[in-house]
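For the sequence shown, our numbering gives the first residue as 1, with consecutive numbering after it.
Treat the hints as calculated values from the structure; they're not laboratory data. Do not rely on the hints blindly, as some may be mistaken.
[What the hints assert, rightly or not] Pairwise CB distance ranges (calculated):
hint: 1; residue 1: 37; residue 2: 73; range: 11 to 21 Å
hint: 2; residue 1: 39; residue 2: 73; range: 27 to 37 Å
hint: 3; residue 1: 86; residue 2: 58; range: 30 to 40 Å
hint: 4; residue 1: 56; residue 2: 28; range: 12 to 22 Å
hint: 5; residue 1: 37; residue 2: 77; range: 37 to 47 Å
Idealized CB from N, CA, C, for every residue including glycine.
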Amino acid sequence: MSDTEPVLGPDTVLVRGDLLDTYSTDDGTVVLVAGAAGHRVVRLSPLGHAVHSAVGPGRTLAELEVELVSLLGQPPTGDLSDLVRSAVHSLVDEGVVVAGQVPKDDNSGDIRS
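Can you make the complete structure from the sequences, with help from the hints?
Structural data, given as structure tokens:
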């Protein structure tokens, strides 16, 4: 983990990154990630694709873990939380997922009259 990566806790909100296109075949999935210095093509592992799909418009890390277990079952080896965090960190590094958004129940940014 690099010094610039967010600390991922159970309440960390995850959202999809700025993807310009997604292409899936039987051989896998690639995404075109928008970037200021140019766009990049990123090939997703099966777990990366599942994480990206499960994040949807926004989900906490804890909710993501529950969703992945319902989709994929418990991992045969290793700690589920560690495996999911590792996958999320990789996707954050590539810009496929964005972490550390405002908590889902935080209404502090709402404009009220």
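A quick look at each hint next to the structure:
| no. | hint | in the structure |
| --- | --- | --- |
| 1 | 37 <-> 73: 11 to 21 Å | 39 Å, violated |
| 2 | 39 <-> 73: 27 to 37 Å | 35 Å, holds |
| 3 | 86 <-> 58: 30 to 40 Å | 21 Å, violated |
| 4 | 56 <-> 28: 12 to 22 Å | 20 Å, holds |
| 5 | 37 <-> 77: 37 to 47 Å | 38 Å, holds |
Against the hints set out earlier in the document, violations occur for numbers 1, 3.
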